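The task is to assemble the complex, starting from two chains supplied on their own in separate frames and drawing on the hints.
Quick mapping for you: the protein sequence lines, in order, are chains A and B. Residues in the first sequence are numbered from 0 upward in steps of one, following numbering that gives the first Met the number 0. Residues in the second sequence are numbered from 0 upward in steps of one, following numbering that gives the first Met the number 0.
I should point out that these hints are in silico values taken from the structure, not numbers from a laboratory. Check before you lean on any hint, since a few could be wrong.
[Said to hold, decoys possible] A few chain B residues that face chain A, going by a derived Cβ cut-off under 8 Å, partial list only:
id, residue
1, 173
2, 174
3, 257
4, 259
5, 287
6, 288
7, 292
8, 296
These numbers were taken from a predicted model, which means no experiment stands behind them. Note that beta-carbon positions come from the ideal geometry of N, C-alpha and C, so glycine has one too.
In case you want the letters, here they are:
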Amino acid sequence: MLWLVVAVLAAALVALARRGRRTIAQLERRLEGSSRELEALQHAFSRFAPAEVVEDIIAQGVSTHAEKKEITVLFADLKGFTAMSERLDPAELLMILNEYFERMSRVITTHRGHVSKFIGDGILALFGALDANPWQTNDAVRAAFAMQASLAELNVRLAADQRPTLAMGIGIHRGVVVAGVIGSAELVEYGVIGSTVNVASRVQELTRIHGVDVLVTAAVRERLDPRVTVRALPAVAVKGLPEPVPTFTVAPDDGF
Amino acid sequence: MSGPWGECLVPAVVPSPEMAAEVRRAIGAVPGWLARVAPVPWLVRTFTELATKPYAYAAAELTDLVALVVSQDNSCRYCYGVQRALFKIFGYDDALVARLERDFHVAGLPDTERVALDFARKLSRANPRPGRRDYAELASTGLEGAVIAEVAFAVAASTILNRVATLVALPPETALESIPKVPLFRLIRPILAWRMRDARRSPLPLADDGRGFGARVVAALGDAPGATILRRTIDEALRSDVLPRRTKALLFAVIAKALGCVYCEREARALLLAEGLDEGTIDEVLANLGSPRLDRREAILVPFVRETVRYQHADIQRRTREVTAGMRHDEVVELVGVVSLANAVARLSVLLDAC
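Chain B on its own, in the form it takes in the complex (with noise of 0.2 Å):
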């Protein structure tokens, strides 16, 4: 990892009670994310529902290892954290955990696990996405449709809570960081296994009709519990009012464009177009990044968020301080957290176009 992570962006906050006692009930603690991120409720929400493992389909070895391996490559010093101590809790051997932080390729891992890394990692730097040579590679290793989906979901929630804190540059989890180091660890490490492990969860067929952003992506998903949670993730985002609906379509858009995706530009720019913007202002905005009818704050995000696709932390981090300065914390949060959906959303969609 190059460069110092940044001090946090946004300050910390008490988080409701509620608010506080949900997370804790989820997830068996109150991790220090939530006095950050606590003032946009639906990315609480989001980060408390990806901390639970919601896999139907995957093997919680296959998803740890893809977020341990996406964090490590995006630099996260927070998730990437969070995720080696969860691996020594877990009880997985430090010798694969060293093995596989050098390079997985020679951690001596099984075929379909080195080549489901390979995909998660080639669809978490997206230069360019993954096509349907790496799907069809992964496919042949025997792997199911329904775990391909869920490997690449594993992917999408590490986009964003890796984005999140690196964005924002999250403090360290130091106390969970530190479980492993206590003397009795070795001894109380099976019971924190057995109680921090979830085990795999049930399908979980959509409530709704499907409708909405990026529907196509999310049905993609199947009757993945992850399909649940992008769909109310994604309503509640556009639906939150802290930052105007129109700024995060264009927010949208410009990741759409920035990684190729088609589908979700297209989405985007409905989304545009139901906010009053006319085709020709959108087409200006995406050739050019700009437009004279975009208020001042999107002047200044429109340009910055293609950032955002492919970064290195320090980086992303001075720029993230410079584009939001004068914005509320609140603004903040919800900024980083729609840049981190989108990104995630977009690299979703290899789903549509390699199956």
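So here's chain A without its partners, still in its complex pose (with noise of 0.2 Å):
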């Protein structure tokens, strides 16, 4: 008799142990899979704020840690978007706007930029914002170039396919930013503001005058390569700022 219920003991105690391995199992392979999980959350939202910034907020939460940087800001827009917009199908415009803004932010991000945020037909890229990049103001530019390049590209199949073509200015500017986490309880972004950024927009609106396509501030041009050649325009006053802005159109030389 106490044979058997040792035997029933001890057939319980291994039945125990195995679904204490078991769940042990289960837990390790969950815990395993969480974090892969947050790896590749970390990973991908490190495309969106600095390493350090999406760290402290797995360490610590969303803080209102900021700091100032000096950025180039490149701020890109579709000339005659709106007039199209009103012509097109709802479908064929998101089609059309969709591919534009997916081969733009490629053209963005191979030149070290990161799009921060799309504003109606708009982009707003950063330089030097994520990573410290010395050659930041260069990157902005070629990337501007390529940008124009990647745009005439869709163009050709724009027209072969019978669709309106589309046209964009672009404004480099170069200046110190206050950067941080943006936002309410509710939504957040990392961004930056400061009037760097509106310089970028203000001067992205002057290619309309001036009749080019990349225009960049006297700050860009302070720290242009020489192969860069760059043709000086008139200042012109724009809104918010209290000294006409004077803007410097670019085109590359060999080897840029």
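This is the structure we're talking about:
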């Protein structure tokens, strides 16, 4: 009888131990899965915010940590898109716009910039915001040339499909911004604020007045590779700035 | 690890019997990397010396952890595979290795090791390089300056090994990695661990007066054996005639600039001036990653090397293949050796800024 009790107890213990091991194995698998997901998320988030900001958020939650940084801001906008959007079927309009965003984003990333946001048909891209980048200005200008080239390719296809083609103006400015996690409890993003962003946007608007595709400010020109051909344009008064803004149109030279 | 590990960029060659014997004597085996790195003897010596755990102050467990965490962070298939196998051979608890792989923050490590690994990972990522605050936090755990210097050296060592292995896509050491899977492994593990695990080395004061490129960085390691290895590696890398000295100085300068290492940039500028490049041209190269005064190969390599500072392994392997097309194999090996060394020295220079 005693042996029977011992045997039953032993069997129960073995069963419990097996169940415990199974539970631990399951928990470990889930932990590993979660860990992989977290790593994937961390990797994905590093495209939107500096790695150290992502790490801080993971470790301590969203904070109001902000810092001043000198970055280069590229602002791109489609010319005449509002009028075009009124003529086109919404599905066709979105298809064209999405392909445009897709192409431009790829070019910006290739040139070490990151798309901060899409504003209507506009693109706000930052260079030197996520990683310290001593060559941020040249990268931004190279990106602008590559964006125009990519748009030309897209236009060939649009024309072949008998769709309207696109024209894009780009403004580039370099200056100090305040960078950090901005937003409300429900919606936050890593972003930059300061007059540098506004100036880039205003300079982009001047491409229409000057009839050029890419315009840069004096702050960009100062740091620009001499292999870029620069032509000064008359200073123009813009909204929100006390003085007229001198701008420069740029074109790539051999080797740039 | 995202993306496949590429085909090795350089063919296997048969190393000289003397070279193979020297490597075997030092590390007890002839590893697969030798056949790929053999065309550049200074890099063979560096790989060999770094594989022998040249640490006098930091515990082997700590430098092993640093190597594992940095290799994992750098997505280096080759080094991570080797480190993981060595961890098993050395008798580390399998569960600990699994926890480290997931996240060392929750691996149950003592505070000192956790903070040291945090510092190591920050130094490896260098985005930005750790500063005084990180150094002070590490010192506050009770680690002495000599140990911290060796932790930084362990990161520099992994920086070299990971980058060389990744840029040329060294094939995994399948023989070593399969040892822990052998059924008899658990029985022979204590003997293997005892045979392969080196004891802590004695301090080794620098033999010369410490002059040469990066002298202050080397000096910051004090009498740690790593100082002698670093001194020899830098000197031999610059003396080697596989690639022109000017080209190598340019690579050092660009990487120093990319990592914001003012000291290393100044040192590289001095090298370039000695090679006959004027200040204006150096300024132009560092401002624009190009100049009409660069030769054709330099004009390709100078903008490329900035990509070796932070990378995704599949992208950098593709780019390395593109830019080295048409180069001799010994040139390719020396190129990846020099850029890896430059990345290591510029990271190690935090010891100057932080102390």
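Hint check results:
1. With a cut of 8 Å, the hint placing residue 173 of chain B at the interface with chain A is violated, because the nearest CB-to-CB distance is about 24 Å.
2. A cut of 8 Å between beta carbons decides the hint on residue 174 of chain B: the least distance to chain A is about 27 Å, and the hint is violated.
3. Of the supplied interface hints, the one on residue 257 of chain B holds, with its beta-carbon coming within about 7 Å of a beta-carbon of chain A, less than 8 Å.
4. Nearest Cβ of chain A to the Cβ of residue 259 of chain B: about 6 Å, under the 8 Å cut. The hint holds.
5. Because the beta carbon of residue 287 of chain B sits about 4 Å from the nearest beta carbon in chain A, less than 8 Å, this interface hint is met.
6. Interface hint at residue 288 of chain B: satisfied, since its Cβ lies 6 Å from the closest Cβ of chain A, which is below the 8 Å cut-off.
7. Because the smallest distance between the Cβ of residue 292 of chain B and any Cβ of chain A comes to about 12 Å, over 8 Å, the interface hint for this residue is violated.
8. Taking 8 Å as the C-beta contact cut-off toward chain A, the hint placing residue 296 of chain B at the interface is violated, the least distance being around 14 Å.
When each numbered hint is compared with the structure, violations occur for hints 1, 2, 7 and 8.
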